[in-house]
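Undergrad: Protein sequences appear in the order of chains A and B.
Using numbering that gives the first Met the number 0, the first residue of the first sequence is number 0, and each one after it goes up by one.
Using numbering that gives the first Met the number 0, the first residue of the second sequence is number 0, and each one after it goes up by one.
These are computed hints drawn from the structure, not numbers from a lab.
Do not take every clue at face value.
As the list claims (entries may be wrong) - Heads up, simulated SDA-like pairs for lysine to any residue below, C-alpha to C-alpha not over 25 Å straight-line:
| id | chain 1 | residue 1 | chain 2 | residue 2 |
| --- | --- | --- | --- | --- |
| 1 | B | Lys-359 | B | Val-377 |
| 2 | A | Lys-219 | B | Pro-154 |
| 3 | A | Lys-19 | B | Asp-287 |
| 4 | A | Lys-94 | B | Lys-132 |
| 5 | A | Lys-148 | B | Asn-18 |
| 6 | A | Lys-148 | A | Arg-182 |
| 7 | A | Lys-94 | B | Thr-271 |
| 8 | B | Lys-132 | A | Leu-56 |
| 9 | A | Lys-100 | A | Glu-119 |
| 10 | B | Lys-262 | A | Ala-50 |
| 11 | B | Lys-132 | A | Glu-46 |
| 12 | B | Lys-262 | A | Arg-54 |
| 13 | A | Lys-219 | B | Gly-158 |
| 14 | A | Lys-3 | A | Val-47 |
Unchecked claim - Partner residues are not named here, just some residues of chain A that face chain B (Cβ under 10 Å, in silico):
| id | residue |
| --- | --- |
| 15 | Asp-93 |
| 16 | Glu-115 |
| 17 | Pro-133 |
| 18 | Pro-137 |
| 19 | Leu-160 |
Computed from a prediction, not measured in an experiment: that's the story for all the values here.
The beta carbon of each residue, even a glycine, is placed where N, CA and C say it ideally should be.
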Amino acid sequence: MNKKFVSFITAGDPSLEKTKEFIEVLAEHSDIIEVGLPFSDPLAEGEVIEAANMRALANGATTAKLFDTLKSVDVASKLVILTYINPVFVYGCDKFFAQCKDSGVYGIIIPDLPHEERGEVAEYAAKYGIHLIPLIAPTSAERVKMLAKDGSGFIYLVSSLGTTGVRDEITTDLTADIVAQIREVTDTPVMIGFGISTPEQAETIREIADGVIVGSAFVKIIEEHGKHAAKHIRKFLKSMI
Amino acid sequence: MSKRFGEFGGQYVPEILMNSILELEQAYEHYKNDDEFQRELSHLFNNYANRPSLLYFAENMTKDLGGAKIYFKREDLNHTGSHKINNVLGQALLAKKMGKIRLIAETGAGQHGVATATAAALFGMECEIFMGKEDTERQALNVYRMELLGAKVHPVTAGTMTLKDAVNETFREWTQRIDDTHYVIGSAVGPHPFPTMVRDFQAVISREAREQILKLEGELPQAVIACVGGGSNAIGAFYNFIEDENVELIGCEAAGLGADTPKTAATITIGTPGIFHGMKTLWCQNEDGQIAPVHSISAGLDYPGIGPEHAHLHAIGRAKFVPITDDEAVTAFEYLSRTEGIIPAVESAHAVAYAMKAAKNYDGSIIVNLSGRGDKDVASIARYKGEDINE
């Protein structure tokens with residue numbers, strides 16, 4: 000089966016115009032592109048993506064402007080928004096999901112909205128046909144099947160404990176076991192993320208899941224090269240697929 | 000146990016923490032009704048933390064201000080110098096029963112960090128404290144105190160480098176190492192069961208105060224006044240008076256330079272509903288839901304949100320919340336020191352400031368919760384007044 004590649008960048012870092020350009024580059028080899036709508040306090044992120052959130056907000060990124068940017072993008076890759084529950088809730092759930100639909104957004108990932116609280120947005124996601132993509136963690140244990148069953152779009156399987164960020168080592172024993180449990184209840188594709196930054200790690204992940212998610216490594220390139228990051232993103236992207 | 004207070008509260012945490020939160024909820028559900036647990040906790044309160052705390056009649060202040068008979072609930076006389084020890088002993092005992100060997104906590108002013116480090120030392124547990132870098136500077140003495148007690152203190156350099164960021168960082172640390180670690184949240188905030196659990200452990204304040212005032216005055220007070228950041232001392236001081244409808248409950252928020260300026264932390268006054276730090280409550284934030292950088296002279300009240308039970312008490316009109324500026328708090332800090340010979344924590348001074356303004360409106364007794372002592376604030380108050388002293 001054809002394995003998927005999912006990339007992530009933080010919107011508005013260094014500017015929303017550049018975000019549009021970077022999305023077009025990522026689309027050359029990404030099946031899905033996660034676009035991070037910045038939040039002042041991104042609890043699930045490590046320091047690389049957290050810093051990108053701060054830069055994006057300082058550079059004037061807003062929810063309304065992000066939707067305008069996404070509307071102007073025309074790529075074959077599926078676009079997914081990753082953000083926290085507060086920006087969605089405060090913007091207004093109905094309005095937020097309506098804007099997702101108008102912007103051609105495929106799904107949304109909300110790390111601080113666990114299964115028990117998904118009622119906060121579920122009716123709006125359904126109303127506008129936006130996939131609510133669940134996260135499953137190494138600590139999910141007996142919750143895995145419940146989460147997998149209700150997932151749609153794809154399942155985001157977190158590779159290891161802690162926050163997002165580049166890791167030297169990725170262990171796969173536990174994650175392979177979780178993938179097997181997910182397969183018992185659903186055909187929804189399973190993508191694995193958190194800490195993946197080398198072609199070798201990506202290959203290991205492809206052996207056990209439907210696809211690999213790479214985030215902090217792209218964000219780090221943008222941190223380093225700013226508005227000139229496009230060619231560096233392309234080069235790294237090619238090495239990872 | 001309900002997960003919510005009206006529309007506020009809930010359990011908005013990343014999936015990675017969900018099993019630990021549910022495990023904590025079950026454990027607390029069990030132990031709160033366990034006589035042995037409650038006996039052990041009472042024993043710690045009475046033989047370690049110096050409870051019950053005094054209800055002190057402030058005669059000089061009463062004469063000077065006119066109107067209300069002013070009583071102070073002296074949580075400043077507790078071991079470690081504030082109400083924080085009540086909650087920490089409860090959570091540490093629970094963590095120990097759950098088989099945890101390590102405590103982590105955020106701290107603002109440092110009082111909760113000191114209390115957590117103290118409990119960890121007492122119970123023989125490891126302890127790591129996360130504190131905004133700005134706070135480690137304005138509360139350097141407490142940093143050293145925590146280290147003396149065997150804790151490791153991590154200065155947090157992310158975001159605004161204050162209490163909110165310390166909470167973020169402690170949550171992040173918890174996701175790294177969950178199995179053997181309990182996060183001792185220091186205020187009546189966070190995902191369920193924390194707001195309920197912290198309130199229950201702090202409710203000892205109003206349980207005692209209600210008995211004490213009935214004994215001294217033969218009737219209930221006309222008002223109970225407490226400072227509010229996250230709101231743990233306030234909910235503790237209010238809780239056993241909630242059913243007494245004639246007792247006014249008044250929370251004093253940190254207005255910083257003024258609730259109509261951007262340099263404020265007065266959440267009820269300027270906040271709007273939002274979801275962050277695991278709970279739905281009111282937040283100081285912008286129209287995109289970005290949490291605002293708040294300000295208060297008091298590190299302990301320098302928080303952009305408020306406990307969900309307070310948001311509920313406000314929504315149903317049972318409690319009222321008033322903003323108190325830095326200047327008013329500093330004036331009260333000095334006033335109480337000179338009038339009663341009691342140096343209050345600058346947090347508690349916000350409640351004292353309101354009592355000074357409102358005393359004349361009452362003709363019966365009022366209780367002001369003196370949540371902590373002010374030794375830790377002496378150097379920063381001196382700086383505020385333009386004097387540079389060595390700590």
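Undergrad: Determine for every hint whether it applies to the structure shown.
TA: Outcome of the hint check:
no., hint, result
1, Lys-359/B to Val-377/B, "violated, 29 Å"
2, Lys-219/A to Pro-154/B, "holds, 24 Å"
3, Lys-19/A to Asp-287/B, "holds, 21 Å"
4, Lys-94/A to Lys-132/B, "violated, 38 Å"
5, Lys-148/A to Asn-18/B, "holds, 18 Å"
6, Lys-148/A to Arg-182/A, "holds, 10 Å"
7, Lys-94/A to Thr-271/B, "holds, 18 Å"
8, Lys-132/B to Leu-56/A, "holds, 22 Å"
9, Lys-100/A to Glu-119/A, "holds, 18 Å"
10, Lys-262/B to Ala-50/A, "holds, 24 Å"
11, Lys-132/B to Glu-46/A, "holds, 16 Å"
12, Lys-262/B to Arg-54/A, "holds, 22 Å"
13, Lys-219/A to Gly-158/B, "holds, 19 Å"
14, Lys-3/A to Val-47/A, "holds, 24 Å"
15, Asp-93, "violated, 15 Å"
16, Glu-115, "holds, 6 Å"
17, Pro-133, "holds, 8 Å"
18, Pro-137, "holds, 8 Å"
19, Leu-160, "holds, 6 Å"
In the structure shown, a violation is registered for the earlier hints numbered 1, 4 and 15, in ascending order.
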